[in-house]
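A.B. asks: These are the residues of each chain, in order.
Protein chains: 2
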Amino acid sequence: MKTLEEIGKLAKAAEPALRVLNTGKKDQALLKVAEELLAKTADILEANETDVIRARENGMKPGLIDRLMLDESRIEGMAEGIRQVAALPDPVGEVKAMKQRPNGLLIGQKKVPLGVIGIIYEARPNVTADAFALCFKAGNVVILRGGSDAFHSNQAIVDVIRGALGMEGIPEDAIQLIQDTSRETAQRFMQMDQYVNVLIPRGGAGLIRSVVENSRIPVIETGTGNCHIYVDESADIDMAVPIIFNAKTQRIGVCNACESLVVHEKILDRLMPALKQKLDEKQVEIRGDEKAMAAAEGIIPASEEDWGTEYLDYILSVKTVSGVDEAIAHINRYNTGHSEAIITSDYANAQKFLNEIDAAAVYVNASTRFTDGFEFGFGAEIGISTQKLHARGPMGLEALTSYKYIIYGNGQIR
Amino acid sequence: MKTLEEIGKLAKAAEPALRVLNTGKKDQALLKVAEELLAKTADILEANETDVIRARENGMKPGLIDRLMLDESRIEGMAEGIRQVAALPDPVGEVKAMKQRPNGLLIGQKKVPLGVIGIIYEARPNVTADAFALCFKAGNVVILRGGSDAFHSNQAIVDVIRGALGMEGIPEDAIQLIQDTSRETAQRFMQMDQYVNVLIPRGGAGLIRSVVENSRIPVIETGTGNCHIYVDESADIDMAVPIIFNAKTQRIGVCNACESLVVHEKILDRLMPALKQKLDEKQVEIRGDEKAMAAAEGIIPASEEDWGTEYLDYILSVKTVSGVDEAIAHINRYNTGHSEAIITSDYANAQKFLNEIDAAAVYVNASTRFTDGFEFGFGAEIGISTQKLHARGPMGLEALTSYKYIIYGNGQIR
Numbered sequence: 042m043k044t045l046e047e048i049g050k051l052a053k054a055a056e057p058a059l060r061v062l063n064t065g066k067k068d069q070a071l072l073k074v075a076e077e078l079l080a081k082t083a084d085i086l087e088a089n090e091t092d093v094i095r096a097r098e099n100g101m102k103p104g105l106i107d108r109l110m111l112d113e114s115r116i117e118g119m120a121e122g123i124r125q126v127a128a129l130p131d132p133v134g135e136v137k138a139m140k141q142r143p144n145g146l147l148i149g150q151k152k153v154p155l156g157v158i159g160i161i162y163e164a165r166p167n168v169t170a171d172a173f174a175l176c177f178k179a180g181n182v183v184i185l186r187g188g189s190d191a192f193h194s195n196q197a198i199v200d201v202i203r204g205a206l207g208m209e210g211i212p213e214d215a216i217q218l219i220q221d222t223s224r225e226t227a228q229r230f231m232q233m234d235q236y237v238n239v240l241i242p243r244g245g246a247g248l249i250r251s252v253v254e255n256s257r258i259p260v261i262e263t264g265t266g267n268c269h270i271y272v273d274e275s276a277d278i279d280m281a282v283p284i285i286f287n288a289k290t291q292r293i294g295v296c297n298a299c300e301s302l303v304v305h306e307k308i309l310d311r312l313m314p315a316l317k318q319k320l321d322e323k324q325v326e327i328r329g330d331e332k333a334m335a336a337a338e339g340i341i342p343a344s345e346e347d348w349g350t351e352y353l354d355y356i357l358s359v360k361t362v363s364g365v366d367e368a369i370a371h372i373n374r375y376n377t378g379h380s381e382a383i384i385t386s387d388y389a390n391a392q393k394f395l396n397e398i399d400a401a402a403v404y405v406n407a408s409t410r411f412t413d414g415f416e417f418g419f420g421a422e423i424g425i426s427t428q429k430l431h432a433r434g435p436m437g438l439e440a441l442t443s444y445k446y447i448i449y450g451n452g453q454i455r
Numbered sequence: 042m043k044t045l046e047e048i049g050k051l052a053k054a055a056e057p058a059l060r061v062l063n064t065g066k067k068d069q070a071l072l073k074v075a076e077e078l079l080a081k082t083a084d085i086l087e088a089n090e091t092d093v094i095r096a097r098e099n100g101m102k103p104g105l106i107d108r109l110m111l112d113e114s115r116i117e118g119m120a121e122g123i124r125q126v127a128a129l130p131d132p133v134g135e136v137k138a139m140k141q142r143p144n145g146l147l148i149g150q151k152k153v154p155l156g157v158i159g160i161i162y163e164a165r166p167n168v169t170a171d172a173f174a175l176c177f178k179a180g181n182v183v184i185l186r187g188g189s190d191a192f193h194s195n196q197a198i199v200d201v202i203r204g205a206l207g208m209e210g211i212p213e214d215a216i217q218l219i220q221d222t223s224r225e226t227a228q229r230f231m232q233m234d235q236y237v238n239v240l241i242p243r244g245g246a247g248l249i250r251s252v253v254e255n256s257r258i259p260v261i262e263t264g265t266g267n268c269h270i271y272v273d274e275s276a277d278i279d280m281a282v283p284i285i286f287n288a289k290t291q292r293i294g295v296c297n298a299c300e301s302l303v304v305h306e307k308i309l310d311r312l313m314p315a316l317k318q319k320l321d322e323k324q325v326e327i328r329g330d331e332k333a334m335a336a337a338e339g340i341i342p343a344s345e346e347d348w349g350t351e352y353l354d355y356i357l358s359v360k361t362v363s364g365v366d367e368a369i370a371h372i373n374r375y376n377t378g379h380s381e382a383i384i385t386s387d388y389a390n391a392q393k394f395l396n397e398i399d400a401a402a403v404y405v406n407a408s409t410r411f412t413d414g415f416e417f418g419f420g421a422e423i424g425i426s427t428q429k430l431h432a433r434g435p436m437g438l439e440a441l442t443s444y445k446y447i448i449y450g451n452g453q454i455r
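Taken in sequence, the protein lines are chains B and G.
Going by the numbering used here, the first residue of the first sequence is number 42, and it counts up by one from there.
Going by the numbering used here, the first residue of the second sequence is number 42, and it counts up by one from there.
So here's chain B without its partners, still in its complex pose (with noise of 0.2 Å):
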């Protein structure tokens, strides 16, 4: 077992190589690797059900079974996702703002590679495939910490694309795996700031807040969403229903779900009982304060809380307000730097939320479910950054890179 020095050596031998390597290349061996995990699915299925069976020996949750266990149509989405990196365009060596200045140096700003990208994971196997591709496809030489629960499955599938890259000529620490998985490694990990660029943790809210606290390495936060609606007095109830219908029961458990409602008080009786109706439907409970509780039946109280709190589950606080100013410092104040959306039909009041509202996307009469990669047209999304520097919301291929200045001169000395 190689230790965690030995692991960001080798990193760093083989990062001039991705540095440099063109699109063609990059994109063939991701083709590569999506045909090795075909061709090699039977071995990984078999190490995923060491995993499988040793969880369910330690009493795993079924919901975490679900998301540890792979299957052929699994792998096969998991090459397909490779596929449809390598079909995106290279952001690596775009030339941007090159300007002629006045002594005559030509200087521009040509966009490059990180580096090398640690990710930090929990028990998903198919995020070993998915932040290897992006990583990859933008020219960054990565390193794996996964969860123990999916050791063996992620070390399989670490080995095919490994496997596939060394037959493309590529080295093969373009990708590692830590596999000491114990909590003292991944604490040492994250302090090799002379090995790796960025650290992108992905996983729940604890993971993340572990990784901020203690790493040394630049991290990019990710994922946590307490989102909001705010139904504005002119809303159109009709359209209001449906998008918090679909914000908050679409698909719970995600960071752009949404998790409370902000009413203005002048709409809630005719909001309250259409929308108590529609979310029934779901059974989802309602905790709302005082006025939002007598405009329908079956609320139930909201506490202090409530309003912090990203439930992930069919759960939906109301909170009332006297306006749009309200509404505004109430949601900066809760939210989580992810995703807003205001429902209105007024003009001005559409324009101050998308101003004032500080996150990471701010909606105007749509779904914050839409805060997404794929939706946004980047292709993929390797996580959300709920953080302001580098990369704000959805983080396709761009994120993944840094730049610097390339300047011709002829001479010039200052």
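You may find that some hints are simply not true.
Treat identical chains as interchangeable: a pair holds within one or across any two.
Below, computed lysine to aspartate or glutamate pairings styled on EDC-like, alpha-carbon distance capped at 20 Å [unchecked claim]:
#, residue 1, residue 2
1, Lys151, Glu439
2, Lys66, Glu90
3, Lys137, Glu439
4, Lys137, Asp413
5, Lys332, Glu87
6, Lys317, Asp277
7, Lys307, Glu338
These aren't lab readings, by the way, just hints derived from the structure by calculation.
Given chain B's structure and the hints, the job is docking chain G onto it.
C.D. replies: Chain G alone, transformed into the frame defined by chain B:
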């Protein structure tokens, strides 16, 4: 004296007003700040004298006292710097890449302020005004933590700025100075990621390292530069010597000064005598490997340690290589990701060097001294980033912004 917690809350409270301040209002406030700095010159100089007297008593070195000391012309310089920032275009509000998706959603990327920026810096009081002007113009709130040596000067400058903001009806807490200059308070400040979006250290390598190691807030690393010039076999000696002389001696204490020369062995005998003669004008000490020592009189031996040293002094190391590949490998091993140059007349080697060197700025046939926000045409700079995340190289106003997605819909659901 306010606690850090109070300072953080006041910054957050000021943030929404700053976020939506229009350009005209910001520029007017900056001009008022410049005017007030000039009007209150006597107060600032008096406070500065207190710092200087104490620094002398504490035995501060004359070079550092010079950096600390203010006079009328330096305060005029501060005011002029602020006026220049007022004249720059405002990056905030630009919407890029707005596109209609197949479902009719109109999605665009809007440039917004970062939010609250922390600056930790050492004994130069002019940073107080500079950093404020740039952060403010980009719509950000700034919390400053200056060194104890400049405390009275910083406080006087901050008082003047806050007063001017108040006259313009802008929240004075757009700028706050941490009055407790103890190390423990600085450490606690670096943990305040609930209030501060990004931390930018400005100062020596020790300060920057300490911030990177201790901060929970995302940091933009700036400053250290072990910059190389590679003299290719095909270089024009008459171009190489002035560039090297300029990059090494025009200003020795700056991060874009050349610290190390990498020379093709086939040009060594022609380059070194002419170079040595020129560098002797400024008594530059040359430390070389064996081949370099053999090429000219008066070169002293370099040790392994020299290759990794940022001298910030009249010292230059010289490493001999057998070709451009070895030069690139050497530079990528020892550089700090700042500025690197090749002197060549060979097209392929120029392109290879631009492609393969991993640094913020890569030059062909020009001095490394041009890596600077003003020289690059940004009008100003808050520092030079040597990391790859968010911003790389000279950071102008744009580096002090983030973006958010704004989405116009008409009832879209998923």
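A.B. asks: With reference to the structure, classify each hint as holding or not holding.
C.D. replies: We went through each hint and held it up to the structure:
1. Lys151 with Glu439: Result: close both inside a copy and across copies, 12 Å intra and 16 Å inter.
2. Lys66 with Glu90: Answer is neither; intra-copy 34 Å and inter-copy 64 Å both fail.
3. Lys137 with Glu439: For Lys137 and Glu439, both the intra-copy (13 Å) and inter-copy (15 Å) Cα distances are at most 20 Å.
4. Lys137 with Asp413: between (26 Å within a copy, 18 Å between copies)
5. Lys332 with Glu87: Neither, since 57 Å and 59 Å both go past 20 Å.
6. Lys317 with Asp277: So Lys317 and Asp277 pass the 20 Å test inside one copy only (16 Å; across, 80 Å).
7. Lys307 with Glu338: Within one copy only: 18 Å inside a chain, 89 Å across chains, cut-off 20 Å.
Of the numbered hints listed earlier, those contradicted by the structure are 2 and 5.
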